[in-house]
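Colleague: Spelled out, the chains give:
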Amino acid sequence: MSSNSEITRNGLWSNNVALVQLLGLCPLLAVTSTVVNGIGLGIATLITLVLSNTIVSLIRGFVRKEVRLPVFVLIIASVVTIIELAMKALFYDLYLVLGIFIPLIVTNCAIIGRAEGFASRNPVGPSALDGLMMGTGFLVVLALLGGLREIIGFGTLFANAELMFGDGAQSLTVVLNQDYPGFLLAVLPPGAFFGLAILIVAKNWLDLRPAEKPEPAPPLPEGA
Amino acid sequence: MSSVIVSSPYVAPGNTLKRLMIQVIIALVPGTLAYAWFFGPGVIVNIVLAIMFALTFEAGILKLRGKPVMPHLTDFSAVVAAWLFALCLPMHAPWWLVLTGIGFAMVAGKHLYGGLGFNPFNPAMVGYVVLLVSFPLEMTTWYLPGSVSGETLSLAESLAYSFGSADIGQWDALSSATPLDHVKTGVGQDIPISEISQSPLFGDYAGEGWEWIAFWWFVGGVYMLATKTIRWHIPASLLVAVMTLSLIFYLVDPEVYASPLFHLLSGAAVIGAFFIATDPVSAATTDLGRIYYGLMIGSLIYVIRTWGGYPDGIAFAVLLANMCVPLIDYYTQPRVYGEE
Numbered sequence: 001m002s003s004n005s006e007i008t009r010n011g012l013w014s015n016n017v018a019l020v021q022l023l024g025l026c027p028l029l030a031v032t033s034t035v036v037n038g039i040g041l042g043i044a045t046l047i048t049l050v051l052s053n054t055i056v057s058l059i060r061g062f063v064r065k066e067v068r069l070p071v072f073v074l075i076i077a078s079v080v081t082i083i084e085l086a087m088k089a090l091f092y093d094l095y096l097v098l099g100i101f102i103p104l105i106v107t108n109c110a111i112i113g114r115a116e117g118f119a120s121r122n123p124v125g126p127s128a129l130d131g132l133m134m135g136t137g138f139l140v141v142l143a144l145l146g147g148l149r150e151i152i153g154f155g156t157l158f159a160n161a162e163l164m165f166g167d168g169a170q171s172l173t174v175v176l177n178q179d180y181p182g183f184l185l186a187v188l189p190p191g192a193f194f195g196l197a198i199l200i201v202a203k204n205w206l207d208l209r210p211a212e213k214p215e216p217a218p219p220l221p222e223g224a
Numbered sequence: 001m002s003s004v005i006v007s008s009p010y011v012a013p014g015n016t017l018k019r020l021m022i023q024v025i026i027a028l029v030p031g032t033l034a035y036a037w038f039f040g041p042g043v044i045v046n047i048v049l050a051i052m053f054a055l056t057f058e059a060g061i062l063k064l065r066g067k068p069v070m071p072h073l074t075d076f077s078a079v080v081a082a083w084l085f086a087l088c089l090p091m092h093a094p095w096w097l098v099l100t101g102i103g104f105a106m107v108a109g110k111h112l113y114g115g116l117g118f119n120p121f122n123p124a125m126v127g128y129v130v131l132l133v134s135f136p137l138e139m140t141t142w143y144l145p146g147s148v149s150g151e152t153l154s155l156a157e158s159l160a161y162s163f164g165s166a167d168i169g170q171w172d173a174l175s176s177a178t179p180l181d182h183v184k185t186g187v188g189q190d191i192p193i194s195e196i197s198q199s200p201l202f203g204d205y206a207g208e209g210w211e212w213i214a215f216w217w218f219v220g221g222v223y224m225l226a227t228k229t230i231r232w233h234i235p236a237s238l239l240v241a242v243m244t245l246s247l248i249f250y251l252v253d254p255e256v257y258a259s260p261l262f263h264l265l266s267g268a269a270v271i272g273a274f275f276i277a278t279d280p281v282s283a284a285t286t287d288l289g290r291i292y293y294g295l296m297i298g299s300l301i302y303v304i305r306t307w308g309g310y311p312d313g314i315a316f317a318v319l320l321a322n323m324c325v326p327l328i329d330y331y332t333q334p335r336v337y338g339e340e
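If you're matching them up, the sequences are chains A and B in order. At the far end of the first sequence sits residue 224, using the numbering used here, and the numbering has no gaps. At the far end of the second sequence sits residue 340, using the numbering used here, and the numbering has no gaps.
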């Protein structure tokens with residue numbers, strides 16, 4: 001049984017949904033044109049993951065193996081519907097921006113992957129934690145990618161923050177350079193692929209770095 | 001163990017990459033001079049800037065990759081790519097536009113795939129397309145030829161423009177659509193072509209100035225054919241495709257579809273056929289494949305020009321055809337001698 005720290009490490013880093021498993025790329029690539037969009041979808045996915053993992057884990061004793069996948073999908077769909085309706089009520093403008101990608105969380109392979117791969121064989125506590133950590137890992141990547149694309153594409157950061165945090169958040173928007181002409185490619189779909197590739201490179205580079213540390217050289221044999 | 005085989009006075013092959021690239025550069029000179037003659041020295045500024053940036057990027061990334069720097073810099077392949085890239089830009093472009101485009105061409109288009117010889121796409125066209133989709137305003141600000149507007153920007157003015165110390169709006173009166181763009185907009189507004197071509201933008205056959213530049217590209221292309229720098233298959237099939245398609249539609253309705261001569265001599269058809277589509281790395285490699293490849297690019301150019309969203313389509317056509325090259329090569333393998 002995995003320990004809590006191992007689950008945390010897996011979700012956030014070594015088995016990150018977006019950077020290592022490369023799951024859920026469709027929403028990841030489609031909505032991350034700004035930080036706020038990224039965070040919006042990230043939070044929705046995070047909540048879905050925690051709830052679906054918890055419920056799947058709770059019922060894992062009652063569901064027969066043959067019908068488990070349809071049952072998981074039903075559970076995930078119900079959770080997503082709840083989130084979609086809640087978002088419609090609470091953050092209507094953000095809901096309009098994210099549009100079809102909120103209901104599409106149902107088809108995010110990361111979620112059914114965690115339900116099948118982890119929650120259906122572990123108790124409630126670790127399952128909920130796994131959902132939380134996997135969701136957080138996904139959220140961080142969405143926010144980073146959104147930030148990268150927003151800075152390069154528009155020269156701003158946290159644009160449209162009022163969609164999520166209310167009108168008071170308008171001052172959150174940082175304009176890095178008033179005269180920046182904008183680099184549309186970063187906002188267009190190719191920018192998402194380039195951006196994700198850069199993040200994956202950065203992660204792999206960080207992972208490989210310690211291995212490059214030279215071993216302490218063995219003392220030279222006498223007379224060499 | 002050694003197996004040194006020595007016999008007969010062998011002659012060293014004359015065709016090194018460097019030699020090939022120098023031939024291409026020689027062939028580019030007359031067209032480039034004609035371009036500068038009609039549109040002012042801005043194009044030279046672009047070429048020099050692009051070459052400098054290209055060599056800097058090339059040196060930087062070669063160093064990062066732990067490859068020898070000097071042999072690659074002096075093989076002139078980066079110079080040719082930068083030169084072709086600069087010729088695609090509008091005559092007057094701010095320096096950062098050149099920097100971004102050639103940076104993408106060298107780093108993403110060439111070295112991320114493994115460097116010279118491994119890139120599936122034509123690097124110059126990758127850089128150009130990145131700019132075209134990212135900076136539509138800057139990339140479509142073209143200028144009138146001097147014979148129409150009466151003046152072109154001097155070298156000093158071009159430099160001032162490139163480095164942003166001049167107000168761009170100052171020369172608004174000189175900016176204009178290219179002939180291809182003009183035809184596309186006009187046809188979109190149901191103006192017959194006979195009326196569109198009354199515009200002073202048009203010369204005897206196609207765009208004023210452009211037709212002569214195309215002629216000099218053609219001369220450069222013939223020089224490359226004569227020196228066996230390129231082979232005839234791609235340019236010939238490309239131009240035949242453009243001519244045939246435009247002739248068919250011209251015969252259907254000459255007031256909506258421009259003449260074959262106009263399509264041939266406007267925009268980048270000739271330079272594309274001889275210089276861009278023939279990039280030895282990203283083009284098809286079998287003789288039959290080269291013909292398919294040229295036909296495909298030529299047809300795509302006509303389709304994009306006539307029904308697409310952009311006035312000219314060389315870059316997109318070349319990139320789309322680049323994607324098909326592995327398939328084309330696979331199906332056009334020549335029969336091995338002796339095989340049934």
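Careful: at least some of the hints might be erroneous.
[Said to hold, decoys possible] Once the Cα atoms are required to be at most 27 Å apart in a straight line, the calculated DSS-like pairs of lysine-lysine come out as: (1) Lys63(B) x Lys228(B); (2) Lys18(B) x Lys67(B); (3) Lys203(A) x Lys67(B); (4) Lys63(B) x Lys18(B); (5) Lys18(B) x Lys203(A).
[To be verified] Derived contacts from chain A toward chain B, CB cut-off under 8 Å, selection only: (6) Leu172; (7) Pro181; (8) Phe183; (9) Leu184.
Worth flagging that the hints you see were computed from the coordinates, not collected in a lab. We put the beta carbon where it would ideally sit given N, CA and C, even for glycine.
Colleague: All the hints need checking, so say for each whether the structure fits it.
Modeller: Going through the hints against the structure:
{"no.": "1", "hint": "Lys63(B) x Lys228(B)", "result": "violated, 33 Å"}
{"no.": "2", "hint": "Lys18(B) x Lys67(B)", "result": "holds, 18 Å"}
{"no.": "3", "hint": "Lys203(A) x Lys67(B)", "result": "holds, 24 Å"}
{"no.": "4", "hint": "Lys63(B) x Lys18(B)", "result": "holds, 20 Å"}
{"no.": "5", "hint": "Lys18(B) x Lys203(A)", "result": "violated, 39 Å"}
{"no.": "6", "hint": "Leu172", "result": "violated, 26 Å"}
{"no.": "7", "hint": "Pro181", "result": "holds, 7 Å"}
{"no.": "8", "hint": "Phe183", "result": "holds, 5 Å"}
{"no.": "9", "hint": "Leu184", "result": "holds, 4 Å"}
In this structure, the earlier hints numbered 1, 5, 6 are contradicted, and the remaining ones agree with it.
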